[in-house]
Every structure is written in C-alpha cells, then in structure tokens.
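Engineer: Listed below are the residues making up each chain.
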Amino acid sequence: MSSDKTLFADAVELFEDAPCGYLVTRPDGTIIRVNRTFESWTGHSRANLQDRRRFQDLLAPGARIYHETHYAPLLRMQGSVREIAVEIVRADGTRLPALVNSVLCTDEEDRPRLIQTTVFDATDRRRYEEELLRSQRRERDIALQLQRSLLSGELPTRPAVEVVYRPGVSGLEVGGDWYDAFDVVDGTTFGLVIGDVVGRGIEAAATMGQLRSAVRALASTGLGPGCLLEALDGYARRHGVGQMATLVYAELDVESGALRYSCAGHLPPLVLPADGDPHYLWEGRSPALDAFGVAARRPQGACTLRPGSALMLYTDGLVERRDRPLDEGLEALRAVVARLGPRADLADAVSRELGDDGHDDDVCVVVTQT
Amino acid sequence: MNALQRNNVVERGLPDGPPMVFAHGFGCDQNMWRFVWPAFADAHRIVLFDHVGSGGSTTSAFDKSRYATLRGYADDVLEICRELDLREVVFVGHSVSAMIGVLAAAAEPSRFGRLVLVAPSPRYIDDEDYVGGFTREDIEGLLDSMDSNYLGWSSAMAPIIVGNEDRPELGEELTNSFCRSDPEIARHFARVTFMSDNREDLARVRVPSLILQCSDDVIAPDTVGAYVHERLEGSQLVRMEAAGHCPNLSAPDETVAAIESFLRA
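Going down the list, the sequences are from chains U and R. Counting from 1, position 194 in the first sequence corresponds to residue 194 in the working numbering; the numbering is continuous, with no gaps. So the number in the working numbering is just where the residue sits in the second sequence, counting from 1, plus 370.
Chain U extracted, bound-state conformation (with noise of 0.2 Å):
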C-alpha cells in the first residue's frame, strides 16, 4: 500500500503537471490560477498572468472576436464548452494552436462563480485540419472552373436564347446543372439541350463535360432526338459515364418552328403560345439514362410553335421543395408564366419569382423565344 502514495501524483502535482494545462478564472475571465503546464507551453509566468490578465488577452485577435461572439455566449448558455479551437499567443509573440474545453461554476443561486479550463497543445492536429481545407477550397475551385469552362460557350444568335444560371447556396460542392445550345445544320436547325447529372463536384463537371461532347457529336450526324438519346444511353451504358442522368433534348427548325424533343427522365419542357396558356409537352418520354440496365426505347414528341411562342427547359432546382409535391410546383411555374406573359427576360424573371421562394438546389433555365 505505500508504494501507492510514491506511484500516484497528489493532487497538486496532478494539477501542475497535468498533460493538459490548466486555467482557473473569474468569470469576466480574469485568471486566478495556472498550472505548470500552461506556463511551459505558453511561455507565461504565472506571476504575470495571475490577477492580470484575462484568459481572452491572451488569444490572437481574430480568436478574441471568436471568444467574445460565440465562447462566452455558450459557457454561459449551456454551464460548459468543449473542443473550441484557439489560438494563444505566447509571450515571445508565436502562436499555440490549442482545443479548449470550459465548464463554468456558479454558486447555490446559480450566478457564475468561476470558469475552469483545460488546454491542450492541438499544433499537428491544427495543420492537418488546413491541410484538409485546402484540398477542399482547391477541389472546388477546380470544379468550379471545369464546369464554367463547360458552360461559358458562345449561344447561337438565331433563335434568342436567354440562360439562367444560379447554383444552389449550401455546401462547398458545384452541382450537376448543365446545359447546351447550338446550330446543328448551318442556321436552320437549332439544337437545345438542359440535364442533370448524378452528385456534385469534380466528377459531376467531368460528367456533363463527356455527355455535352457526346451530344454535339451524335446530333451533327442528324439522328434527331429519339434516337439521340438512344445513342447517347449506348454511349453512357459503354464508357460508364452518366447513369442516372437526366437530360431533354430539342431540336427546332427555325424557319418552319417545327419542335422535335425526346426528355430522358427529365422534367417536361413548357411552352410559352404567342397567344394562348402556357402547357406542358408531355410526350416523347423514357427513363433516365443507362436506368435500369437496358437500352430503353427512347420516344420523341414533336409540335410546332408559331412566331412569338416560348420554349422553356429547366432543372428540377426550380420546381422542386422538400414541402410540396412535384406537380404543384409543376403548377406554380405555369401559373408564374402564364402570369408573366411573353417578355425577352422570362428566364430571369422565372428564376426570380420562383428562386425567393427557398432552395438550396441550382436552379438552371433555358428560354429560346421564335
């Protein structure tokens, strides 16, 4: 039994020799007491800190304003912090990247009495941290890039074509919103294209890069779009590239307004009449691409849209709300149109009436006007 009194500290040498360090202060944060181990690390004597300074004057100024707007108001809000990341200038002025944790101790009326805290050296963990934001920043700047490139293409004057793009507010990630316009014999048909790929990121951008090359390809052969989108599902089953994706493809032909369009599990194009309700074409549709492991038949719809009509294509980002089912937000954007009428900016005003509405999606929206 005495050799446990030589083998464990008391509880003095558990406090200053802590592997942590220790602070006790008042609760304006005044310091009452260090151990050892704080001031070896700090490089503080305790004979200066002691009644001097507050455990806040000893945080870089950018912890300080961290300390002041979010540590304080939690300790004394929830009795106790835990695992707040700081950073506490030394006295030769370098920095001691450390996780704290608090616990405030109030008397019996429970008005605050002291605040005790331990420190703990957090140096290697603090670099791995940024390490790892960086990777993070760089990757979606990277994505960023990648999908812009891809979208910044020069439209076809013959017929307007106005785009919105939005992209969604949360998160770090570029989302999968894609679009295309382009002639595809010499000025008399137009092809117009919008889809969604699978996921966000790098690998997103890379996918609507491989399906916005391939789309191009297959309609300079003048497939048309039923049998575009079968090609391109080949194409997508083949190289393993945009399962799940979902996409509309149009052609027009300029002078005639003949409409060709095939929708692969896609959100049906709006048509804006010269003189008339706005409508949906519901034809031509089949699954998303490469869905179910087979080569789905890929149908087409075809109409024909008089002078001064509207052909609208979007992605689900402006229908879609996690509070309402799908076709009262199908119903809200006809409405919106039809409200809105015939103008040279309905894209942007759709975007507008519909985006305030609270989304978190990217909202992307073609309007080509004949």
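Since the hints were derived computationally from the structure, they do not count as laboratory data. Since this is a predicted model, take the numbers as computed values, not measurements. You may find that some hints are simply not true.
Unchecked claim - Some but not every residue of chain U turned toward chain R, in silico, with C-beta under 7 Å: (1) Ala63; (2) Arg64; (3) Ile65; (4) Tyr66; (5) Thr69; (6) His70; (7) Pro73; (8) Arg76; (9) Met77; (10) Gly79.
Stated by the list, open to error - Example chain U residues on the side facing chain R (calculated, C-beta under 7 Å, incomplete): (11) Pro61; (12) Ala85; (13) Glu131; (14) Leu155; (15) Ala231.
Unchecked claim - No more than 20 Å apart at the CA atoms, straight line, and that leaves these computed lysine to aspartate or glutamate pairs for EDC-like: (16) R:Lys434 to U:Glu353; (17) R:Lys434 to R:Asp592; (18) R:Lys434 to U:Asp348; (19) R:Lys434 to R:Glu554; (20) R:Lys434 to U:Asp141; (21) R:Lys434 to R:Asp445; (22) R:Lys434 to R:Glu498; (23) R:Lys434 to R:Glu449.
Backbone N, C-alpha and C fix where the C-beta goes; we use that ideal spot for every residue, glycine too.
We have chain U; now place chain R onto it with these hints.
Structural biologist: Relative to chain U, chain R alone:
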C-alpha cells in the same frame, strides 16, 4: 416564404402591449436574450427572431446578393415589423444588430419609437483617425477561427439540422446549437459584419436611442461607444459595469435596469 417563417420569429409577452423587437448579434441566435426579455414580458409584446443563417432561420433563404451588406438584414427587420403590423417599436439590438437597427430606423423612421443599442460599433476596422479596434488581418484571423470551429455543424450533421426545422427538439440536443450556423453563411455574415462601415448612417437616425457601453469590451471599446453617442442625435450613453461584449448574458440585471429606465424616461 414570409419573414416570420424565414426568420424564425417567436412572440412572447402581452399580445396587445407596445412591441419590443430583440435582435441578436453575430455568433449566436435569439437565445442571447433569454435572461433579458422576460423582464419586459408583462408590459410588452416581445418579438424574438433569428437572422437568416443563424439559429432556427430558414437557411435556404440565404442569398449572397440580398445579404451583401447589413441593409439586407435591416430589410428583414422591416419585413418582420410589417408582417406583424408593429408600430412604435422599441428595437433592442446587440452588437452588429445595433447597426442593423440604425439602418432600419433610418429607412422607416415611422416604425420605430426607440432604439436600444447594446455594444454598438459602426465600424470595426481602424481607419485613419478612427479607432475601431481591429485590422483587416484580425478579421481574416476570425475567419480562420470560424473555419476551425464547426460547433456541431458538419456535413454529416447538416442534413439532420436543416431537415428538422419542424422538429426543434432534435436541434435542442445538439451541442453548441445556440451558436450553430451553416459555416459558409456564417463566414459571409462575419465578413459583412466586420467589414461594414455605417458611420455615415448614424446621422440619418431621428429616433431617441440608448447606447449601452460595456467596460473592457474588446469588440466595441469605449472610444467607439463615445463616437456613436456623439454622432447619434439625441442619444443617451450608459456606461455599464458589465465587462465584455455580451451584457445581455453576463449582466442581465444591469442591462434590464438600464433599458427600463430609458423606457420610463
């Protein structure tokens, strides 16, 4: 979506009483007022809310362009007042919300009866002769601090937090929930807050105001409080014993007493 949902507006107190709107500052949410508003609940209609991106607000309502300056946050305050049809409002704003109140009162003076500015600062960054207390590098340091502190928000937790706006009991259990916010939005709010310069706006306010100046407030030091007092016409300055930046939490009794005597006057 209306402002009441978007800003997670909570009403307490006397429904027909003169309205008091409490606005929290950068960092936490409406819980910052938990020790203060009850003192006014028997004679006032109490309106609490969260700024978009904080607390129980609708995160998806965040729009970088709308909230590019504090004016966007002031517009939210005005929308809340309109939707509740509040008049002669006693607006109590802490920290950055003091300036948000200044902007709202300058835009629609008729809505406001009195302003209570708790630890206000019209500009945090030093500028020539003006001493705000911070440099641009300090603010970058704050953004770094925010990057290394997720306060219970990670991509694994975010769907649970965001997806349960209608089940607040789930949110309550999460640690650090009072200061929880979407990190991207919080960074944006930090930048807008600490880069803001609303010194010119002080002269546009005609509403009687009270400035509560704490002692040893590193975020809004004495000189800043005096600056606000000097330029805010008809303002009253009270130097509090409370130390730090959050007297609403650290010294609620002193805070309540100061507001009460201002409202009685």
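Engineer: Against each hint, give a clear statement of whether it holds in the structure.
Structural biologist: Checked hints:
1. Taking 7 Å as the C-beta cut-off, the interface hint given for Ala63 (chain U) holds, the closest approach to chain R being about 5 Å.
2. Checking Arg64 (chain U) against chain R by beta carbon gives a least distance of about 6 Å; that is within 7 Å, so the hint holds.
3. With a least beta-carbon distance of about 5 Å to chain R, the hint placing Ile65 (chain U) at the interface is held under the 7 Å criterion.
4. Because the smallest distance between the Cβ of Tyr66 (chain U) and any Cβ of chain R comes to about 4 Å, under 7 Å, the interface hint for this residue holds.
5. Hint status for Thr69 (chain U): holds, given a least beta-carbon distance of 3 Å to chain R, under 7 Å.
6. For His70 (chain U), the shortest C-beta to C-beta distance to chain R is roughly 5 Å, which falls under 7 Å, so the interface hint holds.
7. For Pro73 (chain U), the suggested interface contact is upheld, since its CB lies about 5 Å from the closest CB of chain R, less than 7 Å.
8. For Arg76 (chain U), the shortest C-beta to C-beta distance to chain R is roughly 4 Å, which falls under 7 Å, so the interface hint holds.
9. Annotation: Met77 (chain U) was flagged as interfacial toward chain R, and the flag holds, the nearest CB pair being 5 Å apart, inside 7 Å.
10. Interface restraint check: Gly79 (chain U) against chain R, minimum CB-CB distance 12 Å, threshold 7 Å, status violated.
11. Residue-level restraint check for Pro61 (chain U) holds (minimum Cβ-Cβ distance to chain R is 4 Å; threshold 7 Å).
12. With a cut of 7 Å, the hint placing Ala85 (chain U) at the interface with chain R holds, because the nearest CB-to-CB distance is about 4 Å.
13. For Glu131 (chain U), the interface hint is violated, the least distance from its beta-carbon to any beta-carbon of chain R being 12 Å, above 7 Å.
14. The beta carbon of Leu155 (chain U) is not positioned within 7 Å of any beta carbon in chain R (closest approach about 24 Å), and the interface hint is therefore violated.
15. At its closest, the beta carbon of Ala231 (chain U) sits 37 Å from a beta carbon of chain R; the interface hint therefore is violated under the 7 Å criterion.
16. Of the supplied pair hints, the one linking Lys434 (chain R) and Glu353 (chain U) holds, its CA atoms being roughly 17 Å apart against a limit of 20 Å.
17. Among the hinted pairs, Lys434 (chain R) with Asp592 (chain R) is inconsistent with the structure: their alpha-carbon atoms are about 33 Å apart, more than 20 Å.
18. A distance of roughly 17 Å separates the Cα atoms of Lys434 (chain R) and Asp348 (chain U); the hinted pair therefore holds under the 20 Å criterion.
19. For a cut-off of 20 Å, the pair hint linking Lys434 (chain R) to Glu554 (chain R) stands: about 10 Å separates their Cα positions.
20. Distance check on the hinted pair: Lys434 (chain R) and Asp141 (chain U) sit about 18 Å apart at the alpha-carbon level, within 20 Å; holds.
21. Taking the CA atoms of Lys434 (chain R) and Asp445 (chain R), the gap is about 14 Å. The hint holds against a cut of 20 Å.
22. Restraint check for Lys434 (chain R) and Glu498 (chain R): the C-alpha separation of about 30 Å exceeds 20 Å, so the hint is violated.
23. Simply put, Lys434 (chain R) and Glu449 (chain R) have alpha-carbon atoms about 18 Å apart, close enough for the 20 Å limit, and the pair holds.
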